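Those protein sequence lines, which keep their order, are chains A and B.
When we follow our numbering, the leftmost residue of the first sequence carries the number 1, and every step to the right adds one.
When we follow our numbering, the leftmost residue of the second sequence carries the number 1001, and every step to the right adds one.
There may be inaccurate statements among the hints.
Selected chain A positions facing chain B (in silico; Cβ < 7 angstroms) [unchecked claim]:
1) Arg44
2) Leu46
3) Thr282
4) Ala286
5) Pro288
Label pairs and their in silico Cβ distance ranges [to be verified]:
6) A:Asp47 to B:Thr1006: 41 to 49 angstroms
7) B:Asp1247 to A:Ala11: 44 to 52 angstroms
8) A:Ala607 to B:Pro1279: 22 to 30 angstroms
9) B:Ser1265 to A:Val610: 44 to 52 angstroms
None of these hints come from the bench; they were simulated from the model.
The model shown is predicted, which means the values in this text are computed figures rather than measured ones.
Ideal Cβ positions, reconstructed from N, Cα and C, are used throughout, including at glycine.
Chain residues, written in single-letter form:
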Amino acid sequence: MGFGAAPLLIALGVLLTAGIIVVLYWVRPEPQPVVVPSNLIWRRVLDERRRREDFWRWLVSLVIALLAGLAVILAVAQPLPEGAARGGRIVVVMDTAPSMAAALPGGGTRWDQAAEQVRRILTGSSETSEFLLLDTAGDRGGRSFIGRREALEALDGLGPVHGREHRFPDVADLLGSGSGAAPAAEVIFVGDGVYVPEAPEGVERLSVFESAPNAGITAFDVRPLPSDPGRFEAFIEVVRYPAGDDDAGVVVLQIDGAGGASARRTLRPDPGTPLGETVPLTGFVAGPVRAVIAISGEDGLPADDVAHAYIPARNRLRVLLVGGPNPFWEAALRLDPRVSLSVAAPGPDAFADLDSGSLDLVVVDGPPPEAMPAVPVLFAGSGSAAWLPSRLGGEAAGPGDEEGTAVMLPVVRGQAEHPLLRDLNLEDAMARDVAAFDAASLGDRSPWTLLLGDSRLGLLAARESPLRSLAFAFPIARSNLPLQADFPLLLSRALSWLTDVEVRRVGLGQARVAMAAGAVFDADGREVPSRRLGSEISFDASEPSLYYAAGGGREVVVAASLLDRRASDLNQSAWAGEPPASLAPAGTVASALWPILALFALLLIVAEWVAFHRHATV
Amino acid sequence: MSNSQTLFDNDFMERLEYLKLMATRMLPSRHRGEHRARKRGSGIELADYRPYVDGDDTRDVDWKAFLRLDKLVLRIFDEEADLPVYLFVDRSASMAFGSPPKFDFARKMAGALSYIGLMNHDLISIVWYGRKIDGWMAPKRGRNQIFRAFRFLDAGDTGGATSLAACFRTFFGSRRKRGLAVVLSDLMDEEDLLGAFDACRYQKHDMFVVQVLTPEELDPALPDEALLTDSEDGSERRVRVTPRLLDRYQTALAEHQQKVEEYCSRYGFGFCVANSGEPFEDAVMAIFKTDRFIR
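Okay, chain A solo, but in the shape it has when bound (with noise of 0.2 angstroms):
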């Protein structure tokens, strides 16, 4: 048996106790004194009567006494029935998937009915039960046992997480164990079973699943035209799973944008089965634009029903070209109506003062600067520097005859769907005088990402921080990219992706952004708790939301969306056949009980005063 009351209350229960029966033997009267002549006939009395009535008497005094204690120390102590408390470790194991923020037809969500179940677990275990709370994400669990106190302090502080891989803990690891024989507390596990379908033998399982229907957008994302840069469509993926035969089976869609635009669709997708949708942004300005999403009953997860994008501005470019007289590349860049052309010399003096308020990107059509622009940089020249990707041997350009080795300018296998190559068709792009880049040294240790080549030579290689870049292993002039179809696109796209506001599309939970420094503020322009991360700053966006990081002279956009499709099916459980557990009894039987008891408790000392006036108790 365990007691539900703290142990310092316990204490202080016993030391009343023991004070309330020493006061019952206090307050009786005092015996009058008599003297007699001889005690020797009383003696004889007293003596005959301990033997005989006396030990009844206080047997009857003593067992009043010790009942009346008892029930104060009862009453005070609450103990916990066996099977109604738990005692000793508890592992409880909390799942902290997405699915888990379902709302319940009842209200509430399945987290608000898990946490409830363990904070009646802990509540209703004994006083001297050690906790080890652990969740499913891995990471916001604790490391040891603690005291019921803390665990329930840090109970508050768990929720579902997004974003994250979920999983069973390896509790018989964190137990010290470690050899996968069963481990020395007893082990809960709370969840809904979609995220985290099973639980090892001997875990205790608590079911909070419950169907709920949901609709949710599983994708969304807004891109320009492919055939005009300056225009933009979004494309939107929505699920459905309905709880019940009686879904209308309709799902409203609309999508707002800067300035009041918007565009509303009304979608009928089957169930369970992701429909897509392209929505042309006519009339929407640079800006974010936000999708939400609505059916006409209850709706289980409010975070996948909105999602977030940003269209960038299309503003005038001030373009600096730097290199010697090339008719080329000013004609190619005045055919685009947004830039604004400055040409260079090449020379020291052609990269000085450089800075992105009088300047959004300078094209180099010759050696490259020491240092790396405070501005993009678009680099089609020749030479090396520091900032550049290295580049290989000559025998690597090719052989050495006049016209030079023709290298065929394949996009780089998982770059096909970068913004700049999307949709783009250069199969017959070739190229001459190929100083390639080193491509094996181009990955993850390097902020250049290849995206024209082959495992070992670099043609194309393009740069996110600290500013983007671009950098071709070629002269633009000895390919025949220009005379391709799809150049000025991929111009304008460069252009676009070299100037534009850089967005990023990430789930909800924790954002990284690859900033050195920064600041990061939400939708409403109030600064977001964040903290670096090495290259990168780290926030919170457990939010559907947009977000702004800016640090270094960049800015990035967050658009921070859920878009999962294994967090909109809420229904995908696999415990979806059991009934969800009952919650256990609010606090302690005993606890309810005490009143009771300390009427017993009071009633006893009522008895046992009776009893002592009327010589039945000594």
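Using the hints, position chain B against chain A.
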């Protein structure tokens, strides 16, 4: 007890005259000692039989009766002798209780017995005792010794504990003429009371025991919660007085008295209980009426 006023005033003397008249009728008048002990004396007149007990002189066993009855029976002869009367008056602290005090009551009884004895030319000796013999009046005979006895009794005072055994061992340790020992006491003696009687009995003395108790001792009236303090040794006992407890007290007192009475009856001694709340002459008459005192 106050000594400023004598116990033996005119009223007492008048009562003694009444007692003398009554005693004259009850006691045979002889110039020799009037008391005849139920001990084997020097006489030849067979007075009675009684069962043989350890310590009896086997010369007095009736062997013919033994052959007939297969029981040892002792023949008792009257001793026609001048036997002294020893009055042992308990002067312990417990005797100071009561209204009148038991001590005064006992002294009056002793005075009355002395008066009657001296009037009948008996040898009268009075002994104060507590834990030891605190004083005694040597045996006196003759009517002219009455006031000497009264003065001796008047001078007595209470105090201390009681030990009749120590007293008897001291008193009968010396050579004493065989006689009648009259004990006037409340018999609240922690020590071996019957052992004390044995000391007297072994010396062939006759004995009469008068237990003087107050009405409060016979029928206690105590508060519900009482802390009883012994007047002699100061010991305390806490009691919760209930009717049942009082019944047990009465029973224990009766057992105490019965034990003494059985002893006395067994050896032919006299025993009676005197209530100090009643007139002392009634107690004296009650003594005379017992066939254990007067033969």
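Tested hints:
Contact between Arg44 (chain A) and chain B, as hinted, is supported at the beta carbon level, the nearest pair being about 5 angstroms apart and thus within 7 angstroms. Annotation: interface hint on Leu46 (chain A) holds; nearest CB of chain B at approximately 6 angstroms, less than 7 angstroms. At a threshold of 7 angstroms, the smallest CB-CB gap from Thr282 (chain A) to chain B is about 105 angstroms, leaving the interface hint violated. About 100 angstroms separates the beta-carbon of Ala286 (chain A) from the nearest beta-carbon of chain B, more than 7 angstroms, and the hint is not met.
This hint is violated: Pro288 (chain A) has a C-beta 91 angstroms from the nearest C-beta of chain B, more than the 7 angstroms allowed. The hint said 41 to 49 angstroms for the Cβ distance between Asp47 (chain A) and Thr1006 (chain B), and at roughly 42 angstroms that hint holds. Roughly 47 angstroms separates the CB atoms of Asp1247 (chain B) and Ala11 (chain A), a value that falls within the hinted 44 to 52 angstroms. At about 51 angstroms, the beta-carbon gap between Ala607 (chain A) and Pro1279 (chain B) misses the expected band of 22 to 30 angstroms.
Hint check: Ser1265 (chain B) to Val610 (chain A), Cβ distance near 48 angstroms, so the stated range 44 to 52 angstroms holds.
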